[in-house]
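Visitor: Sequence:
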Amino acid sequence: MNHKHRNTLHALFAHPVSSNIDPKSAYAVIEALGGEVDHGGHGQVVIKLNGHTHGAHAAHHALSKDEVAGLRKFLETAGINPERDFPL
Numbered sequence: 010m011n012h013k014h015r016n017t018l019h020a021l022f023a024h025p026v027s028s029n030i031d032p033k034s035a036y037a038v039i040e041a042l043g044g045e046v047d048h049g050g051h052g053q054v055v056i057k058l059n060g061h062t063h064g065a066h067a068a069h070h071a072l073s074k075d076e077v078a079g080l081r082k083f084l085e086t087a088g089i090n091p092e093r094d095f096p097l
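Counting in this note's numbering, the sequence shown runs from 10 upward without gaps.
These aren't lab readings, by the way, just hints derived from the structure by calculation. All residues carry an ideal CB built from backbone N, CA and C; glycine is no exception. It cannot be assumed that every hint is accurate.
Simulated crosslink set (DSSO-like; lysine-lysine; CA at most 27 Å straight-line) [claimed, not checked]: (1) K57 - K82; (2) K57 - K13; (3) K74 - K33; (4) K57 - K74; (5) K82 - K33; (6) K13 - K74; (7) K13 - K33; (8) K33 - K57; (9) K82 - K13.
Restraint-style ranges between C-beta atoms, simulated for each label pair [unchecked claim]: (10) H51 - L97: 20 to 28 Å; (11) G52 - T86: 22 to 30 Å; (12) P96 - G50: 36 to 44 Å; (13) K13 - E85: 35 to 43 Å; (14) G49 - P96: 19 to 27 Å; (15) G52 - R93: 21 to 29 Å; (16) P25 - G50: 14 to 22 Å; (17) G50 - N11: 12 to 20 Å; (18) H51 - A78: 20 to 28 Å; (19) L97 - G49: 29 to 37 Å; (20) H24 - G50: 16 to 24 Å.
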């Protein structure tokens, strides 16, 4: 995981919730963690990581606060803790 991925991961877990995270950067973090990002039909994205699956709307601009919160919850469920695993 490079420095840019690490910064994006920490931005996903930042408080207050950030609303200016680029979806391509967020998907690159998932892939750097060993996950898969599949772009399905009808504007959907399916994310798989550590045996867990998350479905989301394919954002073309910055992720909304709700999308960031959903992605954060998914990453926590998949066992990702940026403070413990990827400190800055």
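Visitor: All hints, please: hold or fail.
Guide: Checked hints:
1. A hinted pair counts as satisfied when its Cα atoms are at most 27 Å apart, and K57 with K82 qualifies at roughly 13 Å.
2. With a C-alpha separation of about 21 Å, the suggested pair K57 and K13 falls inside the 27 Å cut-off, and the hint holds.
3. Between K74 and K33, the direct Cα distance comes to roughly 16 Å. Compliance with the 27 Å bound is thereby established for this hinted pair.
4. Restraint check: the Cα-Cα separation between K57 and K74 comes to about 21 Å, which is no more than 27 Å; the hinted pair holds.
5. For the suggested pair K82 and K33, the alpha carbons sit about 18 Å apart, so the restraint of at most 27 Å is met.
6. Between K13 and K74 the alpha-carbon distance is near 20 Å, which keeps this suggested pair within the 27 Å criterion.
7. Distance restraint check for K13 and K33: the Cα-Cα separation of roughly 12 Å lies within the 27 Å cut-off, and the hinted pair is therefore satisfied.
8. Note on K33 and K57: the hinted pairing holds, with a Cα-Cα distance of about 16 Å set against a maximum of 27 Å.
9. Proposed proximity of K82 and K13 is supported: the alpha carbons are some 21 Å apart, at most 27 Å.
10. Checked against the given bound of 20 to 28 Å, the beta carbons of H51 and L97, roughly 37 Å apart, lie outside it.
11. For the hinted restraint 22 to 30 Å between G52 and T86, the CB-CB distance of approximately 23 Å keeps it satisfied.
12. A beta carbon spacing of about 39 Å between P96 and G50 agrees with the range 36 to 44 Å that was offered as a hint.
13. For K13 and E85, the Cβ-Cβ distance of about 22 Å falls outside the hinted range of 35 to 43 Å, so the restraint is violated.
14. Restraint check, G49 to P96: a C-beta distance of roughly 34 Å breaks the suggested window 19 to 27 Å.
15. For the hinted restraint 21 to 29 Å between G52 and R93, the CB-CB distance of approximately 34 Å leaves it violated.
16. Remark: the range hint 14 to 22 Å for P25 to G50 is contradicted by a beta-carbon distance near 34 Å.
17. Take G50 and N11: their Cβ atoms lie about 31 Å apart, and the range 12 to 20 Å is violated.
18. The supplied range of 20 to 28 Å is met by H51 and A78, whose beta-carbon atoms lie about 22 Å from each other.
19. For L97 and G49, the hinted distance range of 29 to 37 Å is satisfied, since their beta carbons lie about 33 Å from each other.
20. Between H24 and G50 the CB atoms are about 35 Å apart, so this pair departs from the stated range of 16 to 24 Å.
In this structure, the earlier hints numbered 10, 13, 14, 15, 16, 17, 20 are contradicted, and the remaining ones agree with it.
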